[in-house]
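S.K.: Given next are the chains, with one letter for each unit.
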Amino acid sequence: MLNASRALKAGAILLLAAGILAFPSLAPNPYILSVGVLVLNYAALSTSWNFVGGFTGYISLGHGALAGLGAYGTGLLVAKGGLPPFLALFAGATLVAALAVPIGFAALRVRGASFVIVSISLVLILLLIFQSWASVTGGSRGLVVPRPFDLSRPEHHRVFYYLFAGLLALALLVWWLIDRSRFGLGLKSIREDEDKAEALGTATYAYKLIVFVVSAFFTALTGGLYALWFGDLDPVFQFSILTGSYLVLMALLGGVRQLFGPVVGAIIVGTALEYFKGAYGDTPLHLVATGLLLALVVLFMPDGVLPAVADLFKRFDRTQSSSIREVTASELRDERLKKAEGAAR
Amino acid sequence: MTSTLATTDLRKAFGGVTALDGATVEFQHGKVNALIGPNGSGKTTFFNCVTGMIKPDSGTVTYDGRDITGKAPHTIARHGMGRTFQLCRTFPRMTALENVLAAVPVGGLLAGLRGAKRRSEIDRAISWLTRLGIEHLAGSEARDMSWGQQKLLELAGVLMSEPETVLLDEPAGGVNPALLDRIGLLVRELNAEGRTFVIVEHNMDLVMSISDHIVVFDRGRPIASGPPSVIRTDEKVLGAYLGV
Amino acid sequence: MPSGALLFQSVLLGLLLGGLYALLASGLTLYFGIMRVVMIAHSAFLILAAYLAWWLHDQAGIDPLLSMIGTVPLFFLAGVGLQRALLTRLRPATLTMMSVLLTFAIALLIEGLLGYAFSGTQRRINLGYGSASLEVLGARVAVVKLIAFGLAVVALTTLYLLMKKTRFGWALRATIQHRDAARLLGIDTDRVAGFGFGIGLATAAVGGTALSLDTTIYPSLHWHWIGPLMAIIVVGGLGSVPGAAIAALVLGMAQSLLQIPMGTTWAQTVFYVALFATLAFRPQGFFGGRLAQRF
Amino acid sequence: MIVTLGACSSSSGGDDANDKTDPITIGVSLPLTGDFSEPGKGVQQGYEAWAKIVNDSGGLLGRQVELKILDDQSNADRVVADYEQLIGKDEVDLVFGPFSTRLVVPSARVAEEYDMLFVEPAGAAKEVFEQGFKNLFYAAPAVANDHYNHLADKILAMPADQRPKTAAYAAMDDPFAQGTAYGLKEKLEAGGIKTLVDEVYPPNTTDFSGIAAKIADSKADVLVGGSQYQDGVNLIVALQQLGYQPKLAAFSTAPTNPEFASAIGNKTEGVLSPTGYSQDAQYPSNKEFVEKYTAQFGKAPEEDQANGYTTGQVVAAAVTAAGCAEQGECQKKLVDWLRANTVETVVGPLSWDETGKPKGAHMIQQWIGGDIKIVLPEDVKEAEFLYPKPAW
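Residue numbers (my numbering), protein chains in the order written: chain A, 1 to 345; chain B, 1 to 244; chain C, 1 to 295; chain D, 1 to 392.
Among the hints, a few may not be true.
Said to hold, decoys possible - Example chain A residues on the side facing chain C (calculated, C-beta under 7 Å, incomplete):
| no. | residue |
| --- | --- |
| 1 | V110 |
| 2 | A113 |
| 3 | S114 |
| 4 | I117 |
| 5 | S121 |
| 6 | S132 |
| 7 | A134 |
| 8 | V136 |
| 9 | L294 |
| 10 | A295 |
| 11 | V298 |
| 12 | M301 |
Since the hints were made in silico from the structure, they are not lab data. Just so you know, even glycine gets a beta-carbon here, dropped at the ideal spot from N, CA and C.
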């Protein structure tokens, strides 16, 4: 039984990989291919986000800013520092990872709420800085990143499509490695119950900080690659609060505890966004749609699509009926609390 | 009589409410210690101060002669003190096996990148689950387990980290009589193997039957201590409980 | 070196601005105190109220101040509804994170619907007294700013009296300090929490009206406000209303004064610098109580 | 959103470019929502008016023209995706530029990399012409930095005892708005007029009291605002609140807006603004434009509409001369022709240097007697230049 479900899973993954790799040859025109690049960019960003969100349960709305930093870091190193593009890409991402240490130091020292506040503030403050510090960043005039290759536009898209696919694969690999490691187990225990994890001897602060830096590195790497692909950076769009919220929506929709959750979410949301903007572009309704979808996911499907689908399969699979399910602990706890409340009245 | 965990003049106030009012306590090494007292007498706050979850306003906590006041909970845990929580806390969306494995101390960063499921550690984890009688649930997520099973799982996790001293916060809370007996037995067994216990508990039968040394709290400080036979007849204790 | 007149003018402007910040931050603090919820949509409601004031003025010529008769009760009800119908649905274990996402989603919804209804064009109420000003010791103070400040002071005072002098205020404070204990005292904490949210949103209605008097509004303006407000509540100590008010005045003043040497954009960064410094060196905030320690 | 104009109703154009009865499809992306939606819609009307006028008179090369307009929401990511879609997927025959300098550079790169001619109505900042684009042409008389040239000449020509001595500048952090103010600043500084205040504010600024306090405190003679619409109004109101009275006040864009007067309490007398277009200009095509535009939209065209229309005129001239309109080789012919020729438009004859920069300057308008009138240059003026400006 186990083998059958494992084979099913492996099949699905192979199908996904094959689909992603075959896409450029199937894309009917360069526009569709460019949408594909954008979706892969989202998938890589959202997977990078999931290092923090999925393992520790800390929701960051500021990853858009880290991607923007990566983009500007790479762009500035190429355009003003004269570094070769891909060296600049890694140098930029490393710088952002280094910067993530003090940010994480402030954001993660205390629990939950402060982290979210810092993550949103990060977007807002970086927008201010990159707009104002025009002598370095180009300000609102934008920054033009030279093309790394001299290619026609369709070829340019194709090359970057595979580069993004490679980056996504790398991020997924690292996520998978952490997922099955002892470090990953510690992170997940933080997500489940931080006090408890700490009482068991897990150095929660250090764990959170490390994984935040790893996440920042991959996010910046993706942002930098985007800069090399897109070519024009503008603070307003690089440091947009919306980018971060899209990433959260994608990861949450796909399922934050699943390796491929963010990828699936990115394919769904990324395609929908592109379609939505194409079809209803003359209204700000995509904000409404994003908001509604986010609210619905948070309220009714906080575990995401993939677990829901898995549950569906399980329901068909009669042999795996749950024999151990009595009253769950959380139900019992709620009952006790209610009793206490009743007694108090 | 060697002391292992001791506090001197521990104080903690929340806003205007004094939770600990100069608590000076000593627990005995290698024994089963119990901490009892009426509701709101500061037992849980005391527990939290000792394990580093809350920083006391003043006073000191020493363990094995070392000052651990205000240290981070994970540091204190690594000194050899493991604890359970009042309303049983497990990691709900992790399997029983993972719950126990999460208690294995990680050496360094590189060591942390090794696979979580190494044979030797799994064997040790399974043996703890077996000892607590829940090895058949190793692959189930904690949130699917019953209350009693979760209490046992939490204990298995704490034991996996090989603590010298185990602090139990209301181990009898919400547990049926059969399981209660098993927990009592287990505590005695583990104590016989050399572990020190500190137990906060309301169930007097359990406390009187398993503990060697009892500390009674009232209004944020100890009012009596001694073996069960002494505590049973102590005037002040009766007064505190009956509200005289 | 800036002239004395300019300094004095900036101090006055900072004070007026700080008053508005204080009112808005107190609402944000209230939510956090009651439910540990960081209410991202607070400033979106602020902009919504400003739009309603603008719309009523534009359509019916109603003075923005009168619009509060409608918006304040409406927002109070919306707040109660928001808390009872949505936030209580979230699992307590993940409440802090998920409520951020939920209120974030609400903010997006409001922004999108405002954009849909009124387009992204910047709007401004043309008041007869829009450019009138008073002279105070050589400095000039715009009448509209003075009215906005007055509104903030009245609202804050009302809030203070409500919290300190009424039975409801006592229940609210008890709920903020220790929810379980409040329940043991026989307080219906769910009801109190709902009302607390209502009051929080009502402050946004007042703030929005004050805002609409003197500035331009557009749908995405709320992001411009939420950052400084969040910084204020952290610096003030999460959950402390007086802390938030003091932090608001101090930071508002700092922003206004820093504009002289640094320019508008860089001056805004003072909020974030204060936020990071607070979290790095004094995470419990500067005026906060114990709530801040665990969050 | 897709706006389809024209008599023929082909679903998506360009499939069969050789068929001479097919309409010529023209792809455009415009900010119909977001920060730049107001001017974006103005340009849209200009394009639509152009398409209608062309089609009514028999089309281009005997083919009808059909506009395909997408909304980029004032967003650079979108604008690129839009042109990508228009050129790559919809295979339009020609493209027109979007609005706002911020959006022109990214979209011009798409056109460049697909080898499309790119005539644009709004990328006025000098940076646009420093990117090395070979297919780009700006369809207006002057770039932002040259907008105030006539005013600068006028001020510096004043007798020394009347000439203002100090100036304050406040510009939105936007390449166009800042370009106008800094173009004037450069020239005035060179002429010895001291800069007392130089403030740049982000586009989302709503509270101008701090900036206004600085300007009022400086008591500068000249006030220059590098503004779009609303920020200009806000700044003026904030300055009025502080009782500041400059001898000369110039704002880009804002004063030409129909709602400007009521927004600042009708205290407009003497406010200056550069403009690239006048409804009363005597160029031959302008008469037709104003007449037919007014008939179509019920009001006279403004500068944004004229810019859109001009873009159409420029492309039409090239298409007519080259005798073709499709992707591929043809685009090169169009570019080459524009590079070498002058086009008669509603804003006058236009010609370009090798970077696509037009060679001209803007007229200067001033509010006089409750109406905005051209005061500079002398040869086209409708009223006398008013100095010093009355109090507001």
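S.K.: Which numbered hints are broken by the structure, listed smallest first?
M.R.: 7, 8 and 12
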